[in-house]
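2 protein chains.
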Amino acid sequence: MDSHFYKYIEPIIKPRVYWKGEIMERKLDHSSVIPLYHQLKELLKESIEKDGVKPGDKMPSENELCTQFNISRNTAKKAIEDLVQEGVLKRIKGKGTFIAKPKLEQSLTGFYSFSKVMQESGLESKDIMIDLKVVKPTTKVMRILQLHRNDKVIELKRLRCANNEPIILETSYIPERLVQGISTKDIQNSSLYDVMEKTFGIMVAKAKEVFEPILIQEYESKYLEVKEGYPALLLERIAFDTSETPVEFCHSVVRGDRCRFYTELI
Amino acid sequence: MDSHFYKYIEPIIKPRVYWKGEIMERKLDHSSVIPLYHQLKELLKESIEKDGVKPGDKMPSENELCTQFNISRNTAKKAIEDLVQEGVLKRIKGKGTFIAKPKLEQSLTGFYSFSKVMQESGLESKDIMIDLKVVKPTTKVMRILQLHRNDKVIELKRLRCANNEPIILETSYIPERLVQGISTKDIQNSSLYDVMEKTFGIMVAKAKEVFEPILIQEYESKYLEVKEGYPALLLERIAFDTSETPVEFCHSVVRGDRCRFYTELI
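Just so you know, the protein sequences line up as chains A and B, in that order. The letter at position 55 of the first sequence is residue 60 when you use my numbering, and the numbering goes up by one with no holes. The letter at position 95 of the second sequence is residue 100 when you use my numbering, and the numbering goes up by one with no holes.
The list treats identical chains as interchangeable, and a pair is accepted whether it falls inside one copy or across any two copies.
Straight-line Cα separation of at most 25 Å, SDA-like style, residue types lysine to any residue; simulated pairs:
#1 Lys211 with Leu270
#2 Lys46 with Glu225
#3 Lys232 with Gln222
#4 Lys59 with Lys145
#5 Lys95 with Gln222
#6 Lys108 with Tyr235
#7 Lys106 with Ser226
#8 Lys213 with Glu47
#9 Lys141 with Ile39
#10 Lys108 with Arg96
#11 Lys95 with Leu164
#12 Lys211 with Ser112
#13 Lys108 with Gln151
#14 Lys232 with Pro60
#15 Lys83 with Gly101
#16 Lys157 with Leu33
Calculated from the structure, these hints are not laboratory results.
Bound conformation, chain A alone (with noise of 0.2 Å):
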C-alpha cells in the first residue's frame, strides 16, 4: 500500500507578504495579443508560487483587482472563475475568495481501497451512503462483468469525503449471486473489499483502471458540490478475482478542483 496515495501537499508556511508583496507593483501589458485574463491569472500563479501563501489566504476582491490592473469585472471574473475551477481558489458563499488547499495527490501505481488509503494517510475518512439496491444491469455493466441475460447486480452508491469534503461520488456494481443478501449494515464500517473478501470470500486480486477526463453534470454537481460544467475525472474499474473472473464494476467521478493523481515511470 503506498502511503502517498492519499494525501495533503505540505503546504509551505511563510509569512502572508503576498498582497504587500511586488504582486500589487507589477502591471499586465494592455497591448499585448495575449488576453488579460489570462495574463492576470499567469501573474496571480506565479505569485502564488513566489511569494508564498497559506491555504485559507483571503484573495483582494475584484473590485480591488480592477482598480489594481485597470481591467474590467468581466476580466477579473474570469480569472478569478478559471482559478476555482482549477482548484487553486476556493469561494465561499458570503465571504470572498480564498487559496484552496492543495490538491489530495493519488498514485495510480499502487493498489488501493479509499477508506484504507485515507485512514493510513491520517484524514478523517466519511461514505455517505446514497443507494444500495438490487438492478438489471446496462448493456454495458452486462459485458463489463460477463453476465447472463437475467442476471441482476447490487448498485451501491456511495459519496467519499475527506475531512467532511465529498471527493469522490462512486457507484460500484457487483453481480448479485456473489453478494447475495449484502447490506448497508456491512459496509458502514469496513471497505466493500474487505466485506467482500470476509463476508463473502471474493477475493479482489487485480484491477484494470480507464480514467478520462470528463465535466461535472448537473446530478454530480449536488452531490460534489462544484458547479455543473467544472472538470473531473472519470474513473472506471473492473475489478478481478484470483481465478480473472470480473467482481466489480466501479464507475468514480473524482472532483478535478481537489484531486491529481501521479504516477512513476522507469
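Mind docking chain B on chain A? Use the hints.
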C-alpha cells in the same frame, strides 16, 4: 515499451442497424425526475453499446430526435453537445453529427515517447513545430528544474498529431546549458529524448508524472481544434537523468474527447 500505449480500440463492426433498430421504438419517460436530456444521452449510449455502430455512422438530426422523442430543440441540443464533449459523437461542419472514432488509449504503466509509440502502433504521427526559443524560466519551472537566478531554458512547443488529428499540445522546458544550440532541425525527424541522448549525451532514466483534469482554454482550443471549455487532461512530467538531476519539465494538454488512459493494478 508497451505497444498498447497509443492504440485504437478495435471497433466492433456490426451491420448499421442503429437507427432502424429498437432504439427508435423506445420512449423517454416524460414524468420522471431524471432530466430528459440525460435520459436521451443514456438511451443513445446504451443503444450504441447494444446495437453496435461504426465510427463514421451518421446520427439522426436534432429535428429527427425532437420528433421521435417528443422533446424540445434545446433538450436534443444539450444531449448531443454533451456526447460531443465526451467524445462519443463528432460534429463535422456542414455535414452533421457522426459516431466518433474510439478514443486513443494510453497506458500509464510504461515509459514512453509520443513519436516512438505512434510508430510502433502503426498510426501516422506528425509533429507540428510551434515554437523553439530561449526564455527566462517562470518561478515554477525554475524550482522544478533546480535552476539558478540567471539560468535560461529552451522552450519547445509542439502539436502532436495522430493521423493528422491534433491530440496533444506539448511544451517542454530544458535547461539551456544542457542542449546549447539545439535547433528545430534536430527534432524534425527524431524524438526529443533521442536527440537529447545522441547529440547532447543526456539520458532520460526516470520521470514523475502528475495529471489532472482541466478545461480547454481559448489559446489551446485553436491548436487542438476543440471548443474552449471542453474536458482535457493536463499532464506534467519531470524527467530525470541517470544521476537523478531534472533535465526536462514537460507540460502537455491532452484532448479528453480523443484520449483515455489506463493502468493495471496488481
